[in-house]
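In the order they appear, the protein sequences are chains U and A. The opening residue of the first sequence carries number 103 in the numbering used here; numbering runs sequentially from there. The opening residue of the second sequence carries number 11 in the numbering used here; numbering runs sequentially from there.
One or more of the hints may lead you astray.
One-sided excerpt, in silico: chain U residues whose CB lies under 10 angstroms from chain A [claimed, not checked]:
{"#": "1", "residue": "A137"}
{"#": "2", "residue": "G143"}
{"#": "3", "residue": "Q253"}
{"#": "4", "residue": "R276"}
{"#": "5", "residue": "H277"}
{"#": "6", "residue": "P278"}
{"#": "7", "residue": "P298"}
{"#": "8", "residue": "L320"}
{"#": "9", "residue": "L324"}
{"#": "10", "residue": "L338"}
{"#": "11", "residue": "A345"}
Bear in mind the hints are in silico, worked out from the structure with no lab data behind them. The model shown is predicted, which means the values in this text are computed figures rather than measured ones. Where a beta carbon is used, it is the ideal one built from N, C-alpha and C, also for glycine.
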Amino acid sequence: MTDDAPLAGGTPLVDAHAHFYHLAAGRADWPQVNAARLRAGARIGVTYHVASILGSYGHTSPTYFPSPSDASRGNDAMADIAAANESCIRWYVTVNPNHTEHALREIDRGVARGAIGVKLLASRRADDPLLDPICELAAAQRLPVLHHIWQHRTREWPNQEISDGRDLARLAVRHPDATFILAHLGGGGDWAHTLPAVRDVENVFPDLSGSGVDRGMLDAALDTLGARRLLWACDLTMETGLAKLRALEVIGLSAGDMADIRWRNAARLFGAGAFPRCSDRSASVA
Amino acid sequence: MIDCAAFIGSYPFRHLPHPDPDVLVRVLAREGLDGAWVGYLPSAWHRDPSGGNAALFDALAPHRSVLEPAPVVRPDWPGWERTLRDLVEQGAGCIRAYPMHWGMSPHDAQLRALALACGEIGVPLVLTVRFEDLRQRHPLDVAGDLTAAHVRALARAGRVRLVVTGAGRDLLEETHWGLTPDEQRRVHWDFAWIWGPPEDHLAHLFRTVGAERFVYGTHWPLRLTQNSRANLDLLPTELREHGITDARSLRAIRKTPT
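Let's have the full structure, built from the sequences with the hints guiding it.
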């Protein structure tokens, strides 16, 4: 491998859970953080980042409870970033289900600007009826819903209305025509609880992101759900994403299973047209 | 380069796949590491560490060219000074202590005495900030994370050699910038829990604290060994030729145990 060769190889790779920042995010270093994601993505070999902006990230309304205006401002910034990086960035439109009419309008507005999915935070528990109209619209427009999840909620935590795998499973059962990406299996809480919670709900697809790199997590996810249900992703820690790819190689998955996790499951969920640089042909050529 | 933060043995709060020394030897070879300081994981929860230390030395005996024991010395246990000398004489690579699990405050005199005794002999004292993320802990796992106040107090105690594993950026900075330059040089850190890009905490710390303050630790078998290597691989180009410290260089027996 040369110094310039992607660390995770040249086959397609979709990060299904990424974030970018913007001027209204309340941190002066936001351009550097965005640049760092692209720098590390290129080094790893990420073909597409599927990203969202979470309102003002707490600057003018809470990260997990963005005000309608902050959600819209963040979505506008995200659309601009995606448009400026059309070759490698796709995006989720972020909405707060407490503001139903705004959320529905925002999804339409986001799709018109190129959004390919819906991002739900922790503004309302996942099985709350307020999420139903959003999921109906997402299903009608074939937009996967990435839902922030705490792996096994054992109590309330500040600053978010946390949901766990059981909550999301109840929502997914109510909306069998929608697809749900369960956020960051390694992102805090007990992943071992999540796997059986969603095993039999086949429209729930956990992403592998999060700072957690517990040994045994990937093996258990593969054993319980199989490679067709898992999406590779990084969220806030890209080194853990690279580590998980390397660990999956050590586990010894077949090339087909690796391709499913790296990009093919994402292509099935978002539609093949979402990622034109990803194909089995590009995989075999790389 | 060695791994300063590996373990064997079971963990009380979840199943760990094959936490055995022969597996660790293969993992180290795969990761390109020359060896490891190896603790006995159950010892953190034992009142009397002597049984765990004996099990550790026995289990590592066939692999001593690669795996150095990291036994536990509990400074509120009778005869700990003799235990320390014996363990060093038997070839301990470092000594482990778990003040949070023993209910020791940052200014505990016995903990201070242990750190100074390790420093006097020339063997590093390894402290563990955490085994697991706070958000996933079992209800009975209530020891809490090691605090910056503990590390600062020990670093200020005198001629000590501390290796702190499992710290994040906040704890590390709160400690480092609360010490004099001489005291800072008494502390080394692993970066197993420090975030890489896009936040680039590790890159920031290499620039501000210095790469030489860091040693390599994986926290196997709790965590993926690939994570620490991935963190180094994703550093910005100008930091990639890092100069982290090999933990082996921290062990310098100055005094023949008697």
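(message) Under 10 angstroms is the threshold here; is the Cβ of U/H277 close enough to any Cβ of chain A for the hint to stand?
(response) It is violated, given that the least Cβ distance between U/H277 and chain A is near 28 angstroms, above 10 angstroms.
(message) Does U/P298 hold up as a contact with chain A if the rule is Cβ-Cβ below 10 angstroms?
(response) 14 angstroms, violated
(request) Please verify that hint: U/L324, Cβ, nearest Cβ of chain A, below 10 angstroms or not. (result) 13 angstroms, violated
(request) With chain A as the partner, please determine if U/G143 meets the hint condition of a C-beta pair closer than 10 angstroms. (result) Where the cut-off is 10 angstroms and the nearest Cβ of chain A is about 9 angstroms from U/G143, the hint holds.
(request) Have a go at the U/A345 hint: is there a Cβ in chain A nearer than 10 angstroms to its own Cβ? (result) 4 angstroms, holds
(message) Less than 10 angstroms between beta-carbons is the criterion; does U/R276 satisfy it with respect to chain A?
(response) 27 angstroms, violated
(request) Under 10 angstroms, Cβ to Cβ, is where U/L320 needs to be relative to chain A, so tell me if that hint holds or is violated. (result) Where the cut-off is 10 angstroms and the nearest Cβ of chain A is about 8 angstroms from U/L320, the hint holds.
(request) Hold the hint about U/Q253 up to the distance rule: shortest CB distance to chain A must be less than 10 angstroms. (result) Since chain A brings a Cβ to about 7 angstroms from U/Q253, closer than 10 angstroms, the hint holds.
(request) Classify the hint on U/A137 as holds or violated, based on whether any CB of chain A lies nearer than 10 angstroms to its CB. (result) 8 angstroms, holds
(request) Tell me if U/P278 is really an interface residue toward chain A, meaning its C-beta lies closer than 10 angstroms to one of theirs. (result) This interface hint is violated because 30 angstroms lies over the 10 angstroms limit.
(message) Take the shortest C-beta to C-beta distance between U/L338 and chain A; is it under 10 angstroms?
(response) 7 angstroms, holds
Hint compliance for this structure: hints 4, 5, 6, 7, 9 are broken, all remaining hints hold.
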